[in-house]
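**Q** One-letter residues, chain by chain:
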Amino acid sequence: MYPFSGIVGQDDAKLALAIAAVDPGIGGVLLSGMKGTGKSTLVRSFVNILPDQTVVSDCVYGCVPDDDRFLCDSCRDAAEAGKSLGTITRRPSLVTVPLGVTEDRLLGTINVEKLLKEGFKEFLPGLLANANNQVLYVDEVNLLSDNITDDILDACAGGFNTVEREGVSVTHPARFVLVGTMNPEEGNLRPQILDRFAMSVDVRTEMNPLRRIDIIERNLAWETDSERFGNAFGKADARLRKTISAARRRLEGIRLPVSAIETVAGAMSSLKVDGQRPDLVTIRAARAWAALEDRGEVNIEALKSVAPLCVCHRTRSGGMNQPPEPDELMEVLEKNSSASKSAGQRYFDPEKVLTGEE
Amino acid sequence: MMARGHSLPFSAVMGLERAALAIRLSLVDDTLGGVLISGTRGTGKSTLASAARFLHPCLEPDDALVRVPLGVTEENLMGGLDLQEILGRGMLKTRPGLLQRAHGRILLIDNVNLLSDRLVDLVLDCTASGILTVEREGVSVTAESRFKLFATMDPEEGTLRPQLLDRFDMSVQVESLETPEERAALAIRLLALEQKGCGGSDVFRQRDLLLREEIGRARKRLSRVGIKVRSLAAIVFAMSLLEVDGHRPELVITKASGALAALRGRTKVIWDDVRDAAGLVTGHRTRGGGAQGPPSEEAVMKALKTGWGIGSRFGAADILLQLRDTQGRLLEAVTAGMDSMDEEVRSWSSETGQLKERKGMFESEFPEFMKSSVLKKLMDRISLTALAGTGSKHTGAKPSLDLERGKRVRVVPTDDPRKLDVLQTVIAAVVQGQRLPLVPLERSWWRAWERSARPRATVMLVIDASKSSSGYLFGLSSLLRTLFEDHFDPLSRVGLISMNRGRVVLHFKPTRNRLRVYGRMRDLVSEGYTPLAEAIHTARRVLQKSNTTGDVRGTYILLVSDCAPEPLPLGCIDPFESDLYWGVRKQADLCGMIGIPIMIIDPLNYPSLHSPERMPGRRLARYMEKVTRSAVIPLPAKILDSENRIVEVVNSIVLRKERSTAFSELGSQISKYSGAGCPWLRG
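Quick note, the sequences are listed as chains Y and W, same order. As numbered in the working numbering, residues 1 to 358 make up the first sequence, in order. As numbered in the working numbering, residues 359 to 1041 make up the second sequence, in order.
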């Protein structure tokens, strides 16, 4: 597999993927760009920078035992009965949704072979089950048929996949980082789907001739001796993996000033961005950015670094207006930031909110 | 109880107060039917509907809600044969479906507009009757199934047919929060819940518990709630003033205001209850026999106030009617009373010559209704009547194309081993008394799925809004409505380009929100010339870009024009050979090469179109028909007046019926060209 650090340029895309790696709960990443810009390579190498994960050893859904809200039925029963769950450590993997995928294969269905041979009804897990706690990759997401995208979104919405097909009824956790790539030349994406991607990046062709030379050299090196190439950049990938797990640990401790939340809300409100999702995504991404950069708190710099990734693909005024341009977005953020400075330095405290003090 | 997944508490959702109220009312009164929440993405409608589980008065949250996934099969929704029993033990047993499991619970359908029409139909049937009937090979089951239906949809993604809409008792339109303060407050709340998990005993959970208790108390109080004749009269009057269709709305408002009174701790329905309930009930109802869309909120308020005024004249008879008997059943008498009162009100007002007064009152109170021109109103009426007329006629006979990719409809015997569905074949064999293993597979057991689909199309409408077309624009919008609503899959997309004042205007790229397109179609101004070549060029580019699969099946341009590009150069001898026409021909050639047919509706010159004719416009139409292998669609004579124009001014309502058949004829003709009869759609 081509190493993540071996890719030249594409800093925005790398940043978006790194943020998604730090806080997978933020949502998906969409990479859109012309053919041959390295979108697919980026995504395939994405799993290289994901830290190892600890999962229940004999669970088909790969449940993570720490998070009791997202356990499958059997793990949940075991946990409630007080049994300790055996765990293993694994490398997260990339589950690819092929273009011609059927609903049965995606969602899971009845195991026909077992039913016919043994007369026993069993659920045959689909791609969404495999992708639980990992990465679900849809290449050319704009070419996927509508009902398949609807099914994926349905599962994305609640973190659980409910299967009601061919006489089986199963609900299992399906929480994944959704990564999509598309070539906008071949058609647009429905706004509803676009909105489900927390971050979106325009991947452009590298125009700097020196970097282009770099790209060619690296590609040739990779083709001649992929093992050596992999070793050379593998170390960089390992460092990145460490940075990301360190950032994950720091994430809880990042302080979030109320003024930063107000800045984002004010900016979204004056840009008339649709829905409440962009506000949340921007704040969470900014927090992940601060954790990556090892800053103590979320400030305007953090907001400005992530906002273009989070907002520049979203419709406005009920779908009547085009997404905002980065310049406009920066300007509005700046304006709202200076407006809310006066409110004093108060920090966001979940406890206070949940006990109703704020 | 440990909560699963991201289940936010009900009271943590902000900005959806009306939707929350509708949900609570529905939980108070079991006879109140479904609630539909519609709005754009990311407003929290699904979150709210799914959090309704925390308020269920009798059940634990984890047990209170059954969710219908979009990928559900009919067998699993309705119930069917238990495969394990059949194949394992050879016993015919049934297995309850989602609807049966939802009995006494909440049934949640997210994105109900994306579920297939047929499944939505089945669910709503069950909601109405409370009885579930399943007929399968070898078994038939009838079961009781009463549930609360909560559904959400994003109108941008396609609309629900009016017949389905009407079967929801309440509906609420929701919007994004606007002010920065609200947005910040919600973000803080959601971040906190996300970070600390939602299983704990936070302030929102406590609020949820309070709401739940409140609902429990209201349910007990409900049997004692009564309504004054005066309020009832106000409701009935308001609905008849607004010409809302059917008696169901007034019944639902009465019930909802009763539930509201109970929720607010009263046993008497007052004005506030009626006012708030009416807003929840009328937002999705058609009026005037389907001729008009739902009333605006202001209109409802005005009508209610007027009704309230008239109702107060019932002073002497102002008694309190009990809504329910001791067992809590809704009193039939009240319903009957409402019917007779409606009659009474009508006769009373007409007898005393107050029908006119009522009309006068109506008009002075609703100036906005009078603003639009008479013509426009009449046209709307005709078009919708036509719609209603064809709608009912076509429910049984929608063009059903046997497409490979269509929805499964039913299991049928087959002779073609390639179509064989293994599971269904085995079931058939077992039902006929066979035991496993089944070798060889006898032909009499072979089963396959019969599939059907209405063509899902992407259509670019290119409308000639030039001088020559002023007559037919209104008629056109109704005609196309008929076409799309009755003959195409609800998820079809329509875009709009107009040629107007010599310019090509792209109004909409293909969108599923077709209502917006129809709306714009009516506002097209007609003047100027026809830049036909440029319009076809734009349409093709847009279609190619928006068609995601690169597969142009079901993609076409519907050109409404007399095909006479203007202005012609001076001194032109044969326009057909002029540069202007040449450009159009080249564009048509391109479309033909790619495989995008240009279908032409020529609204002006129907009879002569098919006669040998030298008119350049007609030659051009013929040319486009030939190179794109499409069709010039003849309009049935009934829609045309003596000068062969689509009838523009409607002066006689008598003709309405006749015309609605004409519309339906046209619709089926168009669908013949665009569907079964046309090779490119079948692929």
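Read the hints as simulated data drawn from the structure, not as lab findings. Some hints here could point you the wrong way.
[To be verified] Facing chain Y, a subset of chain W residues (Cβ under 8 Å, in silico):
{"no.": "1", "residue": "Lys451"}
{"no.": "2", "residue": "Leu535"}
{"no.": "3", "residue": "Gly574"}
{"no.": "4", "residue": "Arg575"}
{"no.": "5", "residue": "Val784"}
{"no.": "6", "residue": "Ala786"}
Glycine is no exception: its CB is placed at the ideal position from the N, C-alpha and C atoms.
**Q** Each of the hints needs a verdict: does it hold here or not?
**A** We went through each hint and held it up to the structure:
Given the 8 Å rule on beta carbons, the hint for Lys451 of chain W is violated: about 11 Å separates it from the nearest Cβ of chain Y. Evaluation of the Leu535 of chain W hint against chain Y yields a held restraint, the C-beta minimum of about 6 Å falling below 8 Å. Hint status for Gly574 of chain W: violated, given a least beta-carbon distance of 23 Å to chain Y, over 8 Å. Annotation: interface hint on Arg575 of chain W violated; nearest CB of chain Y at approximately 23 Å, more than 8 Å.
At a threshold of 8 Å, the smallest CB-CB gap from Val784 of chain W to chain Y is about 6 Å, leaving the interface hint in force. For Ala786 of chain W, the interface hint is violated, the least distance from its beta-carbon to any beta-carbon of chain Y being 14 Å, above 8 Å.
Of the numbered hints stated above, those contradicted by the structure are hints 1, 3, 4, 6, listed in ascending order.
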